[in-house]
Amino acid sequence: MKLTLTRSMQDLMTKGGFPDKYIEEIEEIQQVDLEKTPHYPVSYELVIEAAKINSVYLHELMKNSQVYIPPKEVKPKNPEFEAFMNKLREEQEKKRYNEMVSSVLTSDEQKFNLGISHDEIKEIKHHVVTIFNIGFSMVAVFLAVYKASQTITHDYGMQLLMSLGGALFICIVEVILYLRYSFTIIPTPNTTTKMSAI
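With positions in the sequence shown counted from 1, the corresponding number in my numbering is that position plus 86.
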């Protein structure tokens, strides 16, 4: 264990009479400037020896001293690791920037998309595809019911009426299913913004 050197300890070290094993440490202590180095370490055994030789109470000699805690050694930074971390930070910043500007339109996009944002265009495309799917389903059901109705009746008007009824029925079903899907699965822009903010 080591203690911090005090002025009284340093003064006693100059009087001599110490064993040879402490001579080197004492010589170093005598050259210490306590004003510049207030927390210089001294071995606890040397302090005990100084108290014995000079007939001083140990607790008096240790007054104003404290346990010496060596400063933490600052490890040199690895340049390769620092370069790797800087690269990761740059990639992260670039990713955040791209996310922020992903919905921002350039002048060319605004020219061709009438100023509609990228997210709105995607939503419009989704709705258009859904409309085409519903239309295709209606046509398919119309033709299927028309062919099936030919085996039931030879009345052309009744065949058309049954076919239109089947097409209308599948249209209503498709619209109901799509509306339920839109409200439960597809997040609205306000909900997405709130979740991103959280």
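It is possible that part of the hints are untrue.
[What the hints assert, rightly or not] Listed next, the in silico DSS-like pairs over lysine-lysine satisfying Cα-Cα at most 27 Å (straight line):
hint	residue 1	residue 2
1	Lys158	Lys101
2	Lys149	Lys163
3	Lys180	Lys208
4	Lys163	Lys173
5	Lys107	Lys138
6	Lys149	Lys107
7	Lys158	Lys138
8	Lys138	Lys161
9	Lys138	Lys149
10	Lys101	Lys161
11	Lys180	Lys88
12	Lys158	Lys180
13	Lys208	Lys181
14	Lys122	Lys173
15	Lys161	Lys122
16	Lys211	Lys181
17	Lys88	Lys138
18	Lys181	Lys122
19	Lys149	Lys122
20	Lys161	Lys173
21	Lys173	Lys88
22	Lys88	Lys181
Derived by calculation from the structure, the hints in this document are not laboratory data.
Next on the checklist: Please list, smallest to largest, the hint numbers that this structure does not respect.
Outcome noted: Hint check: 1, 2, 7, 8, 10, 11, 12, 14, 18, 21, 22 fail, others pass.
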